[in-house]
Amino acid sequence: MRVLIITSGSMGDVAPYTGLAARLREAGHAVTIATHEPFRAVIEALGLGFLPIPGDLRTTLELAVEGGGPRALARMYTLARPLVAQLAAGVLAAVQANKPDAILLSTLVAPLGHQVAEAFGVRRAAVFLQPVHPSREFGPVLTGGRSFGPLGNLAMGALTFRAVESLYATTIRDLRHELGLPRRSLRVLRREQEFSEPTFHGFSPAVVPRPRDWHPALRVTGYWWPAPTPPSPTPPPEGLEAFLADGKPVFIGFGSMAPGRGAELAEIVVTAVRRAGVRAVLQAGWSGLAADGGGDDLLSIGAVPHEWLFPRVAAVVHHCGAGTTAAGLRAGVPAIAVPRLADQPFWARRLHRLGAAPPPIPLEVGALTAALREVTTNPHYAARAQALSARLRAEDGAAPVVDWLG
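Residue numbering for the sequence shown follows the UniProt record's numbering, beginning at 1 and increasing consecutively.
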């Protein structure tokens, strides 16, 4: 069977689908991933098919979070509208090029992909990394998961869900017209499309238990771990293995957060590391985080696979994107959560609730210093992380998707 996975976002929004794709390939399917051009090399190195879709998320994030503050999310909303139209064109082109028998749709592309699948008569399912559907059991992901009480959670969840849907309304109307499909309201489309096939959630029920009030079509499967990259003759960054051999350091990296703000972040991070008296590995990410001059207590690195590095560190300081959160739990190492936008505060709260991290903190010297001391001296956090890791390793998150495809 020809299977097309369509996803949009940062590396954390793409990597889990490489693992899912690898499992589907093992089951005998021909799998292609349609996503942004910068991820072509990673996907093709795994022997998977690749198709490009437009959308420069990095630029969108840079413009949206510039200056920070409470209006950052509003800027993201404004800037996302033209991106949705680009994604729609990309989704349609990918389906036309691949001619799949089944389509798997990530969160950002699902509202568009459902329309294209309907037009082409292709079997489809959603494959989400976050629990975005409303529930009485927790607050909306995009408001950080803070509880408003059972009825408040449901009401806020529905309100947030409709607000996100409104981003797609005009594009969906235009797309359905282009495809010759009848006009439908968003509410009717959701009822007809979302629950006619399953929505698989690629996270563990040990981390987010499946809400009891969800529709039966909404399933929680377990994580889809990124496919391991093929063996490479390229060694780890210079000095990394020796640095790790001297004792487990703390990992500090913020992925796609704070593009271009490396110097600002480095001043905070280096000061906190030295005040806390710990050793640290600093990963550049999109911000360009690095410690000028380094020292015996600091090492700056570029891209290194999390599955290789995280088991070798004492703790992970990160922004709490879904992918990095999962990688830290899989490695059994505690976290220091420094969330900022979107679903990051939700995962940060989860880590703390699970006992694998202290309470989430802002990226400030005092807060980071205290958290570094706490997580490296209190064995409770490591014990909880290791217990969770054992549970996650016993799960097979890809199996339900494989079974559904048949």
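Hints listed in this document are in silico derivations from the structure and should not be mistaken for laboratory results. Watch out, some of these pointers could steer you wrong.
[To be verified] Pairwise CB distance ranges, derived in the manner of DEER restraints:
id : residue 1 : residue 2 : range
1  : ARG146    : GLY47     : 38 to 44 Å
2  : GLU26     : GLU178    : 32 to 38 Å
3  : GLU44     : ARG373    : 26 to 32 Å
Cβ atoms here follow ideal geometry from the backbone N, Cα and C, with glycine treated the same way.
Violating hint indices (sorted, rising): Number 3 only.
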